[in-house]
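**Q** So the chains spell out like this:
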Amino acid sequence: MKRRDFLKTTLTTTLGSTAAVGISSQSVMARGNLKPAPDAVGMLYDSTLCVGCKACVSACKKTNNMPPVQAKNKKDTADFARDLSSKTLNVIKVYRNGNLAVKDRQINGFAFEKRSCMHCVDPGCVSVCPVTAMRHNPITGIVTYHADACIGCRNCMVGCPYNVPQFEYENPFGQIQKCQMCNQAGVEKIDKGGMTSCAEVCPTGATLFGSRKSLMAEAKKRMALKPGEVYNYPRGNLDKKPSHHEKEIPIYKKHIWGEKEAGGTNVLHISSIDFDKLGMPPLKDRSSASVAETVQHTLYQYMALPAVALAGLAFTVAKNSNNDKDNDNKGDKK
Amino acid sequence: MSTHKALPGRILSLPFLVFLSIFLVGMYFLMQRFVFGMGEVSNLNGGFSWGIWVVYDVVIGSALACGGYALAFTVYVFNKGKYHPLVRPAVLASLLGYGLAGFGAFFDMGRWWQFYNIFLPNNWNFNSVMLEVGLCVTAYIFVLALEFAPAFLEKIGAKGLLKVLNKLLFLIVALGILLPTMHQSSLGSLLIAMGHKVHPLWQSMHLQPLLALLTALIMGFSIVIFEGSFSAVGFKEKLQTHLFKNLSKVIIWLLLIFLVARFATIIFQGNISHLLSFDTNSLLFILETALFTVPLLILLSPANRSQGSRLLIAAVCMLLAGSLYRFNAFLFTLNPGVGYSYFPSAPEIMVTLGLISFEIMAYIVLVRTLPVLHHEKT
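Chains A and B, in that order, are what the protein sequence lines are. Last residue of the first sequence: 334 in the numbering used here, with the numbers rising by one and none dropped. Last residue of the second sequence: 712 in the numbering used here, with the numbers rising by one and none dropped.
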């Protein structure tokens with residue numbers, strides 16, 4: 001084979017195979033989204049029920065032994081957390097528009113929105129973590145964090161569509177913090193048959209605990225209700241004798257956030273406001289993690305491609321090095 | 335006849351002392367990072383958890399260190415020794431660049447004291463692109479050390495070890511080509527899982543590994559030309575443009591494939607509107623594309639290919655182009671969500687500049703003490 005041909009063959013094979021993998025992996029070996037665990041637990045947050053009392057924020061901090069985020073004068077003991085941080089795993093945010101006249105109205109209105117881990121069905125943080133420090137419980141669907149394995153590369157933060165995992169930057173020996181649905185070692189409320197602290201204290205049932213299945217059914221039921229009529233809203237744990245209160249049915253957006261987004265989530269949100277207005281990310285149905293894994297597993301299946309490449313390279317290099325020596329010897333004779 | 339020689343002259347000079355002082359300032363802030371935590375010195379936050387320490391020191395720094403990779407490809411796979419004189423300086427620069435990328439990844443780790451967890455197989459998550467990057471970069475640093483070892487062994491006269499090393503050289507070089515192909519493409523794959531946070535003009539999903547690999551090769555060849563010019567000035571010799579002429583032809587193809595793949599993806603994904611919006615992101619895209627196109631136009635002319643200054647301009651353009659592509663994708667146009675912004679703090683910048691200074695100082699010391707640069711006797 002001529003040198004020039006060899007050049008072309010080698011380079012095009014390398015680049016070509018990478019490109020081919022890119023294109024073919026879209027259909028041939030696609031891993032697809034992970035499916036919800038049959039008995040996954042979750043929460044349903046109904047923005048229209050939330051009164052912004054932040055009892056859930058307070059209860060969350062108590063369960064996780066986290067201090068309130070103080071206002072600037074530092075005298076106030078109320079929690080002034082504006083967003084998730086390594087000290088705030090659950091936060092209530094406000095949507096504001098125009099003159100703020102009516103609650104749950106998109107124009108000239110306001111609404112509340114909860115931010116906490118969505119406990120994705122196909123979690124990006126679990127997929128990207130090199131050391132399995134993020135884990136997805138196959139039964140409960142809860143996404144947990146394990147500091148003993150974590151190296152602090154913070155890929156989980158980058159790989160989370162919702163910016164949920166938060167690193168303790170201010171601590172020289174910090175770790176990642178995220179909501180673990182009150183089932184972390186030492187708390188284990190779910191394993192003990194309980195519910196999350198935020199759902200437990202919510203006075204209106206805006207945060208409702210339960211299995212993903214029954215929460216999804218409840219959300220769909222609310223979508224079908226007639227606005228203006230009265231509905232008996234459950235509070236606490238949907239699957240275990242919830243208490244109820246009556247309230248007028250609002251005009252819901254026909255969208256259950258977490259049913260499909262990036263493979264779905266175990267924490268579902270419903271609202272009267274479009275979710276992009278509430279700060280939810282622009283997600284497609286297919287999870288990015290599943291695409292990344294498809295590409296990676298196509299390239300590295302059984303390490304076959306790298307092994308073949310190494311053998312080919314070693315052979316070529318050995319052959320060309322010998323030729324090289326011959327050339328050198330000829331050169332010396334001149 | 336020609337040989338490798340140490341560059342004559344003193345090590346200590348005014349520029350060297352300037353680099354030394356920048357390095358010391360950087361180390362002061364790096365010490366603060368370890369004592370008080372990353373929040374003390376950096377502007378990293380919940381949305382931007384990767385700042386310049388990851389994006390410059392690791393993602394771009396390793397690409398700038400691809401000279402050894404690009405040359406190993408050229409020399410051993412398809413040109414049979416023609417570029418030999420360039421190999422040693424390129425391998426040294428790669429070793430220093432990758433060494434610092436590894437160090438950068440280490441001090442950026444939030445839980446650096448358990449860094450070894452990534453080397454323990456029971457922790458491995460085979461779905462993780464980061465695992466591939468971490469293991470593969472580490473392995474490549476060792477391979478580079480072995481590739482550079484002959485310069486050191488020649489200096490101390492360890493002929494026995496040299497012989498053993500030369501016998502294994504074919505395997506070392508083969509790994510030296512395979513490993514960067516793997517982790518440089520994986521650096522691109524890191525962007526896939528970042529999904530919507532990556533701007534549509536840079537989110538090529540399945541083509542991320544290909545585009546990253548192409549920029550690594552383009553930057554690798556460019557740094558070889560760049561270092562060749564440096565070495566020519568050092569020895570007060572004429573630039574060996576005849577060596578670069580054929581490299582240029584390879585680069586032309588790489589640039590063409592890159593630009594075609596890039597635009598095809600954007601058209602295929604229906605993102606032309608983002609390109610024509612003329613906001614900051616679209617302007618960054620245009621600047622980046624210009625930096626890829628100008629060297630292509632320069633190199634397409636055979637007359638330019640044998641002119642040292644033109645080659646150098648093309649090389650500098652491509653180094654900037656590749657760096658900007660990676661900066662844009664990972665940092666400049668990244669949108670993690672409302673309420674997050676990032677600009678590196680002065681200490682963060684000083685740490686990075688300090689490490690670049692260290693790299694330059696180490697390069698100067700080593701080329702002046704070890705037989706690295708190639709001297710053509712006449």
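Because the hints were derived from the structure by calculation, they are not lab data. Do not take every clue at face value.
What the hints assert, rightly or not - Heads up, incomplete: computed chain B residues facing chain A, CB under 7 Å, no partners named:
(1) L354
(2) G444
(3) N459
(4) S462
(5) A483
(6) S643
(7) L646
(8) I647
(9) V650
Said to hold, decoys possible - Derived DSSO-like pairs (lysine-lysine); straight-line CA-CA distance at most 27 Å:
(10) A/K62 x A/K221
(11) A/K93 x B/K583
(12) A/K192 x A/K226
(13) A/K35 x A/K213
(14) A/K93 x A/K192
(15) A/K35 x B/K579
(16) A/K35 x A/K240
(17) A/K226 x A/K189
(18) B/K583 x A/K254
(19) A/K241 x A/K213
(20) B/K579 x B/K339
(21) A/K240 x B/K501
(22) A/K277 x A/K240
(23) A/K319 x A/K87
(24) A/K35 x B/K497
To be verified - If you want the footprint, here are the derived chain B segments under chain A, 3+ residues with CB under 8 Å:
(25) 337 to 347
(26) 665 to 672
Here a beta-carbon is modelled for each residue, glycine too, at the ideal position from N, C-alpha and C.
**Q** If a hint holds in the structure, say so; if it doesn't, say that too.
**A** Against the structure, the hints come out as follows:
1. At about 27 Å, the closest approach between the beta carbon of B/L354 and any beta carbon in chain A exceeds 7 Å, and the interface hint on this residue is violated.
2. For B/G444, the interface hint holds, the least distance from its beta-carbon to any beta-carbon of chain A being 2 Å, beneath 7 Å.
3. The beta carbon of B/N459 is positioned within 7 Å of a beta carbon in chain A (closest approach about 5 Å), and the interface hint is therefore held.
4. Against a cut-off of 7 Å between C-beta atoms, the interface hint on B/S462 holds, since the closest Cβ of chain A lies about 4 Å away.
5. Here the hint on B/A483 is broken, as its CB sits about 16 Å from the closest CB of chain A, past 7 Å.
6. The beta carbon of B/S643 comes no nearer than 27 Å to any beta carbon in chain A, farther than 7 Å, and the hint placing it at the interface is violated.
7. Look at B/L646: its Cβ only gets to about 24 Å from chain A, farther than 7 Å, so that hint breaks.
8. For B/I647, the interface hint is violated, the least distance from its beta-carbon to any beta-carbon of chain A being 25 Å, above 7 Å.
9. Given hint, B/V650 at the interface with chain A, is violated; its Cβ is 24 Å from that chain's nearest Cβ, farther than 7 Å.
10. Proximity of A/K62 to A/K221 is assessed by CA-CA distance (about 33 Å); at most 27 Å being required, the pair is judged violated.
11. Under the criterion of a C-alpha separation no larger than 27 Å, the hint pairing A/K93 with B/K583 is inconsistent with the structure, at around 57 Å.
12. Taking the CA atoms of A/K192 and A/K226, the gap is near 37 Å; set against the 27 Å cutoff, the hint is violated.
13. Pair hint A/K35 plus A/K213 holds up; C-alpha atoms about 13 Å apart against a cutoff of 27 Å.
14. About 30 Å separates the Cα atoms of A/K93 and A/K192, which puts this hinted pair outside 27 Å; it is violated.
15. Between A/K35 and B/K579 the alpha-carbon distance is near 55 Å, which puts this suggested pair outside the 27 Å criterion.
16. Taken as a hint, the A/K35 and A/K240 pair is honoured in the structure, with Cα atoms around 25 Å apart against an allowance of 27 Å.
17. The hinted pair formed by A/K226 and A/K189 fails the criterion: a straight-line CA distance of about 36 Å is larger than 27 Å.
18. Pair hint B/K583 plus A/K254 does not hold up; C-alpha atoms about 58 Å apart against a cutoff of 27 Å.
19. Taken as a hint, the A/K241 and A/K213 pair is honoured in the structure, with Cα atoms around 16 Å apart against an allowance of 27 Å.
20. Simply put, B/K579 and B/K339 have alpha-carbon atoms about 24 Å apart, close enough for the 27 Å limit, and the pair holds.
21. The suggested pairing of A/K240 with B/K501 is violated, with an alpha-carbon distance near 72 Å, which exceeds 27 Å.
22. For the suggested pair A/K277 and A/K240, the alpha carbons sit about 33 Å apart, so the restraint of at most 27 Å is broken.
23. Among the hinted pairs, A/K319 with A/K87 is inconsistent with the structure: their alpha-carbon atoms are about 60 Å apart, more than 27 Å.
24. For a cut-off of 27 Å, the pair hint linking A/K35 to B/K497 is broken: about 57 Å separates their Cα positions.
25. Only when three residues or more bring their CB closer than 8 Å to a CB of chain A does the claim for the region 337 to 347 of chain B stand; here the count is 0, and the claim is violated.
26. Residues of the region 665 to 672 of chain B with a Cβ under 8 Å from some Cβ of chain A number 3, which satisfies the need for three, so the listed coverage holds.
Violated hints, listed in ascending order, are 1, 5, 6, 7, 8, 9, 10, 11, 12, 14, 15, 17, 18, 21, 22, 23, 24 and 25; each of the other numbered hints is respected by the structure.
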